[in-house]
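A.B. asks: The chain contents come next:
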Amino acid sequence: MAPSQKNVLEVRNIQTFIGQFHILDGVSVEVPDGSITVLLGRNGAGKTTTLKSILGLTPPRSGAIVFNGKEIQGEPAFRTAAKGIGYVPEHRAIFRDLSVAENLRIAERKSGDLARREEFIFGLFPDLKRLIKLPGGNLSGGQQQMLAVARALVPDNQLLLIDEPSEGLAPVVIEQMMEAISRLSAHTTILLVEQNFIMASRLADRYTIIETGRSVKSGMMADLIDDEASIQRYLGAAA
Amino acid sequence: MTSFIRRNRTLLLIIAIVIVIFGGTIRTMEPKVWVSIMLSGLTLASLYFLVASGLSLIFGLMDVLNFAHGVLFVLGAYVGLSTFLNPRLFFNTLPVFFMLIAAVMMAQHLGRAFWPHVNSKRRQHLANIVLLLAAGSILYLALRGFPIRALNAFNITAVGGAVTTANAQEPMAMMFRRLLLVALAGVPIGILLSPRERQEEVPLRPIWQTALISGSAAVIGIVLLLVRDTGEIWMLALSPDFRFLLAIIMGTIAGALGGVAIETGLIRPFYGNPVTQLVLTLGLSIAGIDLIEAVFGEEANPPMPPPTLFGQSCRSDTFINWFSEHCQSVDVLGRAFPTYRLFIIVVGVVVFAAVGLMLRRTRLGMIIRAGVQDSEMVQALGINVRRIFTLVFALGSGLAAMGGVIAAPYLGVFPGMGAIFQLQAFIAVVIGGMGSFIGAAVGTIILGMARAFGDHFVAAGIHLPFLDAVVKGSPAIARASTVLIMALVLLIKPSGIFGKKE
Ligand SMILES: Nc1ncnc2c1ncn2[C@@H]1O[C@H](COP(=O)(O)OP(=O)(O)OP(=O)(O)O)[C@@H](O)[C@H]1O
Ligand SMILES: [Mg+2]
Numbered sequence: 206m207a208p209s210q211k212n213v214l215e216v217r218n219i220q221t222f223i224g225q226f227h228i229l230d231g232v233s234v235e236v237p238d239g240s241i242t243v244l245l246g247r248n249g250a251g252k253t254t255t256l257k258s259i260l261g262l263t264p265p266r267s268g269a270i271v272f273n274g275k276e277i278q279g280e281p282a283f284r285t286a287a288k289g290i291g292y293v294p295e296h297r298a299i300f301r302d303l304s305v306a307e308n309l310r311i312a313e314r315k316s317g318d319l320a321r322r323e324e325f326i327f328g329l330f331p332d333l334k335r336l337i338k339l340p341g342g343n344l345s346g347g348q349q350q351m352l353a354v355a356r357a358l359v360p361d362n363q364l365l366l367i368d369e370p371s372e373g374l375a376p377v378v379i380e381q382m383m384e385a386i387s388r389l390s391a392h393t394t395i396l397l398v399e400q401n402f403i404m405a406s407r408l409a410d411r412y413t414i415i416e417t418g419r420s421v422k423s424g425m426m427a428d429l430i431d432d433e434a435s436i437q438r439y440l441g442a443a444a
Numbered sequence: 002m003t004s005f006i007r008r009n010r011t012l013l014l015i016i017a018i019v020i021v022i023f024g025g026t027i028r029t030m031e032p033k034v035w036v037s038i039m040l041s042g043l044t045l046a047s048l049y050f051l052v053a054s055g056l057s058l059i060f061g062l063m064d065v066l067n068f069a070h071g072v073l074f075v076l077g078a079y080v081g082l083s084t085f086l087n088p089r090l091f092f093n094t095l096p097v098f099f100m101l102i103a104a105v106m107m108a109q110h111l112g113r114a115f116w117p118h119v120n121s122k123r124r125q126h127l128a129n130i131v132l133l134l135a136a137g138s139i140l141y142l143a144l145r146g147f148p149i150r151a152l153n154a155f156n157i158t159a160v161g162g163a164v165t166t167a168n169a170q171e172p173m174a175m176m177f178r179r180l181l182l183v184a185l186a187g188v189p190i191g192i193l194l195s196p197r198e199r200q201e202e203v204p205l206r207p208i209w210q211t212a213l214i215s216g217s218a219a220v221i222g223i224v225l226l227l228v229r230d231t232g233e234i235w236m237l238a239l240s241p242d243f244r245f246l247l248a249i250i251m252g253t254i255a256g257a258l259g260g261v262a263i264e265t266g267l268i269r270p271f272y273g274n275p276v277t278q279l280v281l282t283l284g285l286s287i288a289g290i291d292l293i294e295a296v297f298g299e300e301a302n303p304p305m306p307p308p309t310l311f312g313q314s315c316r317s318d319t320f321i322n323w324f325s326e327h328c329q330s331v332d333v334l335g336r337a338f339p340t341y342r343l344f345i346i347v348v349g350v351v352v353f354a355a356v357g358l359m360l361r362r363t364r365l366g367m368i369i370r371a372g373v374q375d376s377e378m379v380q381a382l383g384i385n386v387r388r389i390f391t392l393v394f395a396l397g398s399g400l401a402a403m404g405g406v407i408a409a410p411y412l413g414v415f416p417g418m419g420a421i422f423q424l425q426a427f428i429a430v431v432i433g434g435m436g437s438f439i440g441a442a443v444g445t446i447i448l449g450m451a452r453a454f455g456d457h458f459v460a461a462g463i464h465l466p467f468l469d470a471v472v473k474g475s476p477a478i479a480r481a482s483t484v485l486i487m488a489l490v491l492l493i494k495p496s497g498i499f500g501k502k503e
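Order-wise, the sequence lines are chains A and B.
The first sequence begins at 206 in this note's numbering and counts up by one.
The second sequence begins at 2 in this note's numbering and counts up by one.
So that you can see chain B by itself, here it is in the shape it has in the complex:
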């Protein structure tokens, strides 16, 4: 017990100081005020956490600072919003993706036959360039003039003059031409991606398995395209709650796939070269937002309507009543608090518990914890660490994207929505300790609270303990407070509250 106190002296000191300041401040407020401020803080904390937890795991395991994490948050929000309000987009774009994936998978077998014939380094280099050019130009031909903006024009509805589905979609024949070209473009891409050096020798699946999988992908794509009109009507007729669930699932999957793409494309070729990785993810954080703007438009969308579960315009007296009434707000000590924000908090808690259990109780979790400390030794035990890296990247990215989806009804959806979350998540991870999952949770709660109380401090002023006058802050102080907290924590404990890694 005494050794515990000695080892965690700084931590306990911080907690004691926080409790004194916090308790002193809260004493001057009515309970209903500070409780609702705290709930607002937890709402923010939950969203920060969904971004920060992945960031922290990725840094801990791979020593990669993923600056593109905010992009995944935005991607999740847009994919979620489109699933919810504009399924037309997916019926017209998913077939293209499915076709591309099918072609790439098949072409990897071609690559297996192709690369052994290219035996000098120079020729390999040449082949790379030729294949890249081929893939690029065929893809360009395949996608040239694709009416992506028209397919996305649903948000104009609010202003009037929405593009109707029939006008936005291209004729079927045109779409099939595009599918054919995309399949063609998949061939050089598949050859490029097929393993060629012994170092990365990955046994491919038997060819009949690949044919089966990519065949079904192609068929699914074509079917989606064929049923696009009835499919859209059917989707929009589903209950909003179910569509919202679908939005979360689709957004999370899109984020996870985005993470896999980032890891295999930008990070994996440059392990041991952290500066390159940093610059690449930084570049992607800008280019990624541009890409999202190009696809989804630059205008801010109105907040996604919350699902009907949280949408009835009434106020429940207790949480119990909410279960039958589904009111948009609930009475907390005499003040109304939006139930959707409580849902955001619940999602954060559930994700924390689920990932925490995974880390503590499963073999995968054990390997991740070990890898955070020494990934070379994990490798030396016969475990394919690179595969774990990709998996963790997918998990972290999926969580960030999930954060984007559930933030959409709360914040609205716009290209810049990820920047602040990215920044706050970074600060939270630094405060909590790089690579520590618990640290990410604690860091985000501290930041969420600082932000919520800071905003209150700006709007209403606060009685500081032992002072009579009400002190009001400027918005700049509220915004700077998180950075101040970070500086303070780093002064006391340079590796962050739960940090072990330097």
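So here's chain A without its partners, still in its complex pose:
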């Protein structure tokens, strides 16, 4: 991807505190339009917190978050999301008591959003169609993950934040998920967190590595794959 290409999202040196804890200490990420960018890093490095900071769920104390050329840090999460950012959180956060249909409908920002996107969503995840009346809590882990992604597709989102979509899934389902995400990237820009290095390397165009709350390295995914030393140093046995 050429460096001149415009960035949908730029995270500039953010500092995030949760209570007394200094969780992020200088994270910067660039997400070019149309790309899949992956956040890599060990457990507890601060990947999830970075996504939550972007969305405003854990607002950064300093630094800037620029979405579509406008600074959005400090706005409440609901307003940030409404600007066109979809969130697929770690552990899915499906509403267990709501039916699959309701889980999708609640994500509508304008009435008719779901009707407009239905075909596309069920094309990606045909299973959801026959589960539509079930309570979200009755779905299997893989089905819940699909529903979580589908939910983020209901409104017109320009950017998707997807946190560990492969977590706890069987290899076949991971394969399905990867297929869906790569098809999605034709429509929206994606910032992905993924521990599974094989999956990350096959999907992502760019990467940023986070280590103990700091972004330490970023670049083209193709370059990282050959960089054994960096993989060993920052990701350890993960590769």
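Fair warning: there could be bad hints in the mix.
[Stated by the list, open to error] Covered stretches of chain A, going by a simulated chain B footprint (3 or more residues, C-beta under 8 Å): (1) 289 to 302; (2) 311 to 321.
[As the list claims (entries may be wrong)] Partner residues are not named here, just some residues of chain A that face chain B (Cβ under 10 Å, in silico): (3) Gly224; (4) Arg247; (5) Leu260; (6) Gly261; (7) Asn308; (8) Leu329; (9) Ala357; (10) Pro360.
Quick caveat, the hints were computed from the structure, so don't treat them as lab data.
Note that beta-carbon positions come from the ideal geometry of N, C-alpha and C, so glycine has one too.
Following the hints, put chain B with the ligands in place on chain A, whose structure we already have.
C.D. replies: Below, chain B with the ligands without anything else, positioned relative to chain A:
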């Protein structure tokens, strides 16, 4: 089907035990006895439910235990009673409220211009203190010596020597001076309340809209004041049934507004700090009652007369006949049962159905159900959860206050009337499962029944199944029974019957 049984094993077990004990006990009674005990139980359950449903929704959505919920019940009762018997109070106080609201709304625009000039944290702090002091002292000047007790002295009528309206009211000129001062006090309050940080940036209405709304509020207030004498006479001449409806509406609105005030003033600044919220609502549960005593007096009022719909001194043979006769009691299997209590039951059922439908069928209801589970995710979908919080707080508080109004003809109106309802509602919510609407309904029915059968057990004794002798209980056991039930349920299912949240 088998999986349903397996998943709800404890629930089914509880139901089976209850049916066996209950059925065994009832078998030894005449139907007319247990039916009327059950109706009494449902009457109580309905009142408990109006308090408990809001409590449960508020806890489920916001994780806030609102100890001030009982205060709203009492507030509803007093506002209802005053609407019904003493409209003089509102013609003399509502203008003050309307004026204050009008001034606060306008002053928010001033605040928009003011805060950007106060750029350091220290100065903001200083400005806060100065504005608070200004608001407090002007309000004090505005309300000093306001004859609130005299305006409320209608209840002394029963003993003799009521204060007549002309003596209770202040001269018009004095009232206008107060309105002016209140409007002045609204200015610092409005500035204080106007949004100042980006975090809470709320686009204000265009200034002409605000001017229109607050202008009409001020005009309504002034008109109410100008027509206060004819207005009072006109209100008291309305049919009691219509006045009773007005009492319910006014009481519910007052409760809802009280809830909004509690949420924005005490709860909202402290989300993520549950202990502070708990202590604040606990404090308000005491201070609120003191405030009500200060405004309405400490004496118990005689029960509000039930509306004439339920007031004719006769006994209808059937429910059908009641529709034409409006008797105060109706024959149930040979025993008289007060029709007003049946009305209380009907209100409970209607509220249950209406709120239940709202939760199941509307988008708002869907958002509330989702928020009970994970309000952060609802927020992340682009929905302003804080606004939903305020709305649910208003709804829950309004329902509690409505409970107070309809309890007034049944229980009388006194400052301590809310305490027992608050307590029983808490127990019912714990039994039913925190945050579950159905659970609140089931919990209150269990408690209402326990209370009604407990009272009968104390008064007349009960044949327990498989025993010959009549067993009589002490009043202490009847009162403790609800807590015993709670302990039992929690032992079997720690999260309550329908509870999902821990
Ligand atoms: N609410 C919290 N309070 C205190 N510390 C927290 C909180 N949430 C996260 N942390 C800490 O912040 C650090 C970063 O957490 P985060 O969840 O962002 O890591 P992550 O990179 O997503 O890890 P994983 O790969 O395990 O999901 C961790 O050390 C974690 O313990
Ligand atoms: Mg994580």
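A.B. asks: Taking the hints in turn, state whether each one holds.
C.D. replies: Taking the hints in turn, this is what the structure says about them:
With 6 residues having a Cβ less than 8 Å from any Cβ of chain B, the segment 289 to 302 of chain A passes the three-residue criterion, so the hint holds. Judged by the Cβ-Cβ criterion of 8 Å, the segment 311 to 321 of chain A is covered by chain B as claimed, because 3 of its residues qualify and three suffice. Satisfaction of the interface hint for glycine 224 (chain A) is found here, the shortest Cβ-Cβ separation to chain B being roughly 9 Å, below the 10 Å cut-off. Hint status for arginine 247 (chain A): violated, given a least beta-carbon distance of 25 Å to chain B, over 10 Å.
Because the beta carbon of leucine 260 (chain A) sits about 6 Å from the nearest beta carbon in chain B, less than 10 Å, this interface hint is met. Restraint check, glycine 261 (chain A) versus chain B: the minimum CB separation of about 9 Å is within 10 Å; hint holds. Taking 10 Å as the C-beta cut-off, the interface hint given for asparagine 308 (chain A) holds, the closest approach to chain B being about 8 Å. Taking 10 Å as the C-beta cut-off, the interface hint given for leucine 329 (chain A) is violated, the closest approach to chain B being about 19 Å.
Because the smallest distance between the Cβ of alanine 357 (chain A) and any Cβ of chain B comes to about 9 Å, under 10 Å, the interface hint for this residue holds. Satisfaction of the interface hint for proline 360 (chain A) is found here, the shortest Cβ-Cβ separation to chain B being roughly 7 Å, below the 10 Å cut-off.
Hints 4, 8 from the list above are not met by this structure, while the remaining hints are.
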